[in-house]
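Participant: Sequence:
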Amino acid sequence: MKQNNPYFGILLPIFSLPSPHGIGTLGKSAFRFVDFLKRSGARIWQMLPLNVTSYGDSPYQSPSSKGLNYYFIDLDTLVEEGLLLKEEIDDSLLYHEERRVNYQMLFYARLPILKKAFSRFNKNDPSFIKFLEKKEYHDFAFYMLLKEIHNYQPFSSWKDADKNYSLEGENESISKHYDLYLFYIWTQFEFLKQYKALKKYANENGIKIMGDMPIYVAYDSVESYKYPELFLFDREHKPTFVAGVPPDAFSESGQLWGNPIYNWDYQKKTGYRWFNKRISDNLQIFDLLRIDHFRGFSAFYEIPFGREDAKI
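For the sequence shown, my numbering begins at 302 and goes up steadily by one.
All the pointers check out, no bait thrown in.
So the derived label-pair ranges between C-beta atoms look like this: (1) 332 with 467: 42 to 50 Å; (2) 501 with 608: 41 to 49 Å; (3) 356 with 467: 23 to 31 Å; (4) 581 with 431: 16 to 24 Å; (5) 585 with 541: 27 to 35 Å; (6) 314 with 476: 32 to 40 Å; (7) 610 with 426: 47 to 55 Å; (8) 431 with 548: 48 to 56 Å.
Don't read these hints as lab results, they were simulated from the structure. Note that the Cβ used here is the ideal one computed from N, Cα and C, for glycine as well.
Between the sequences and the hints, there should be enough to build the whole structure, so can you do that?
Facilitator: Right under this line is the structure:
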């Protein structure tokens, strides 16, 4: 019986790639890393989640389980596309020590330069119109526009008109801030265009891309805001329990992650439709997928909301 030869890969997050623009991107450094993998005999490039980050700068605490991190959009590629000028990048305060990511600086400097690129983008581009009409990133764009107009605060602190989700409120917010909505749709369009070019190059050179899907989502997320039935929330839209790991030999107090716990009864009742769609969406982007952590599917640890550690 013929056996497949074992092969290896390397874990390298996009943000760790060398870049003069404050954070690793989907640009030339990513393509050079593919070349390195090929020379070394590696067959897999494993990435951490590509999700957009929020406070804490962690892709495991994202405002959207689907939204892709616009910090990874390569600015030099935008120059090549005629959406930015080289001197605009040089003047955008994005140059600093290349060995560390300054997320505070990125927060204030990256969106303005991306918005400048978007202002020059042809919104009537047929491929963009098609992307927009598919509405795959509708929830992400809707929530991000709300986050922006509420100074990026969590939805639990928003004004009453927006604090509780309604379809009428969603339509009104998008209509009122439509250009901002289109901007966030464009970030996903541009990210995927650059990412697909990188993935195509990797696959052509025998490299598979392994993605990472966190099993839990953040409380401050569009999923928690728009689909509370997915989670164990009380009448005030607050978690009754949150996720974590019990105390063990490595941590006397355990690990308190703070993510809301799923309403598994509802998930089962609906045939795990939401989870199946989420996994399917990830497999549309990656060749391989790691679920972090798979243990959470077979058993999970819940901690009463408000506790300071994972002891119960």
